[in-house]
Structure formats: structure tokens, C-alpha cells
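There are 2 protein chains.
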Amino acid sequence: MTPDAFPVAPDTQALERGAILSPRFNADGLIAAVATDAGTGEVLMLAWMNAEALRRTLETGEAHYFSRSRASLWKKGETSGQVQAVQEIRIDCDQDAVWLKVAPGGDGGACHVGFRSCFYRCVEGGVLVERP
Amino acid sequence: MTPDAFPVAPDTQALERGAILSPRFNADGLIAAVATDAGTGEVLMLAWMNAEALRRTLETGEAHYFSRSRASLWKKGETSGQVQAVQEIRIDCDQDAVWLKVAPGGDGGACHVGFRSCFYRCVEGGVLVERP
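Taken in sequence, the protein lines are chains B and W.
Taking the numbering used here, the leading residue of the first sequence gets 1, the next gets one more, and so forth.
Taking the numbering used here, the leading residue of the second sequence gets 1, the next gets one more, and so forth.
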């Protein structure tokens with residue numbers, strides 16, 4: 001058991017109603033993480049965490065993710081300044097997704113394209129339209 | 001090209017700033033979908049869509065997902081009554097995640113365990129605590 005490992009829930013009752021954090025990472029060792037702005041509720045981004053990223057997020061109170069493209073741990077804001085101070089972290093019923101309510105630092109954004117949220121386009125009539 | 005297929009963005013500019021919906025499904029043919037309550041902003045669930053689920057969601061205005069455990073298309077609420085009327089659908093910068101703002105039908109919930117949101121537990125001091 002590595003320092004980053006989490007326990008496995010023994011049954012559905014423990015998984016769904018238990019008090020033991022037992023995240024279910026996928027075949028690539030990752031769990032989906034949704035970050036919302038703690039102030040506005042806006043969904044800022046959807047990213048991925050491995051066990052180490054989740055552990056560091058819990059220990060430091062700042063969001064860490066796992067970059068699939070770079071195949072490495074990634075502290076959000078390390079280069080952009082858009083550090084995410086985690087105000088609350090939740091996990092879902094079957095413990096394969098987490099929800100972070102964050103206060104975004106730096107310019108208050110989260111998206112590398114320059115928008116506040118990565119979800120800056122609506123699907124309207126089959127096409128994408130940029131919307132605040 | 002099947003009726004459900006979507007185009008592939010030719011380059012990063014088209015992917016990130018274009019008007020063509022070009023979802024990037026993963027190796028299993030799935031894209032992550034976050035559903036929030038259009039009224040309260042609460043994150044209700046994180047699920048998955050294949051191309052058919054996304055197509056049907058766009059065509060019907062009701063959320064369809066792909067059940068990985070049952071390996072089949074799944075209209076949310078078909079058995080539970082918790083149909084999700086989609087008020088807005090957004091896609092993220094690299095088009096590998098969608099965000100649905102929904103009005104949940106039936107009892108207003110989304111979670112099979114009986115809670116309104118699947119994210120009914122906070123991680124606090126390393127353990128899980130059920131919170132409204």
C-alpha cells in the first residue's frame with residue numbers, strides 16, 4: 001500500500017452510505033473531478049485526479065489534478081496563478097467522481113483559453129455559441 | 001458515418017473557438033457529462049454519454065446517458081420519473097466534457113440512493129459526512 005492509496009469499500013452499503021473515503025479510480029487510476037466557483041456556483045472545469053492528486057488536494061486545500069496529456073501531477077495555477085482554494089469537497093454515491101467548490105485565485109479564471117470557465121460555449125441549434 | 005457520428009475538429013482553433021460541435025469521445029466512445037440543477041446550481045450527478053446519448057439529448061431536450069454498468073443507452077428518469085428537462089447544454093474548451101443545466105422531474109431528485117444530488121457527502125477531516 002503506497003502512501004497515496006485509499007481503501008476499497010467492502011460492499012455497496014459502505015460505498016454509498018459509509019464514512020470511509022473509498023474513491024473508485026478507473027482503469028487508468030483516475031477519478032473525475034468537477035470544480036465549481038464557490039461564490040457563483042458556475043461549473044469552471046472538469047478534470048481528472050489520480051490518488052496522489054486527491055491526497056494532495058485534501059492535505060493542502062488547493063486543487064491538484066492529473067494531466068492526461070502530460071501524464072503528470074498538476075497543481076492548478078502553478079504557472080497560471082489560477083490556484084484553486086478548496087472550500088468544500090464532495091464525493092458521489094458510487095465514489096467515482098468528486099465535486100470541488102473552489103475560490104479561484106489569480107485573475108479568477110480557470111480556463112487556458114482565457115475564459116473564466118472552460119464551459120464558455122452553449123450548444124444552440126446544433127452549433128456552438130460563446131456565452132458568458 | 002453513422003447517424004450519431006459527430007465531426008472531428010481539424011485543429012485546435014476549431015476545437016476551442018469553432019462553432020462546430022466536435023465532441024471528443026474517449027477510447028470507450030464516451031464523454032463526461034455534468035448535470036446541475038438549473039434552479040439552484042447544485043451539481044446533481046456526473047455521468048457519461050456516447051454519441052447516441054448526446055444526439056438524443058440534443059434532439060429531445062431530455063437528458064440521455066450511457067450506463068457503463070449496463071452497457072446501454074439510458075434515458076434519465078425512464079423508470080424513476082426523474083426526467084431531466086435540459087435548459088442549456090455547454091461544452092468545454094477541448095470538447096471532452098459537457099455541462100447540462102436541467103430541471104429535474106419526478107420528485108426533483110437525481111440520485112438512486114434517494115438524495116437530491118449524488119454528491120450528498122462531504123469529505124471532512126478525512127471522513128465522509130452526509131450534508132444537504
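Any given hint might turn out to be false.
What the hints assert, rightly or not - With the Cβ distance kept under 10 Å, some of the chain B side facing chain W (calculated, not the full set):
#1 VAL8
#2 ARG17
#3 THR36
Quick caveat, the hints were computed from the structure, so don't treat them as lab data.
Since this is a predicted model, take the numbers as computed values, not measurements.
Quick reminder that beta carbons are idealized off the backbone N, C-alpha and C, glycines included.
Item to complete: Could you tell me which of the numbered hints above are not met by this structure, giving the numbers in increasing order?
Response: Result: hint 1 breaks, nothing else.
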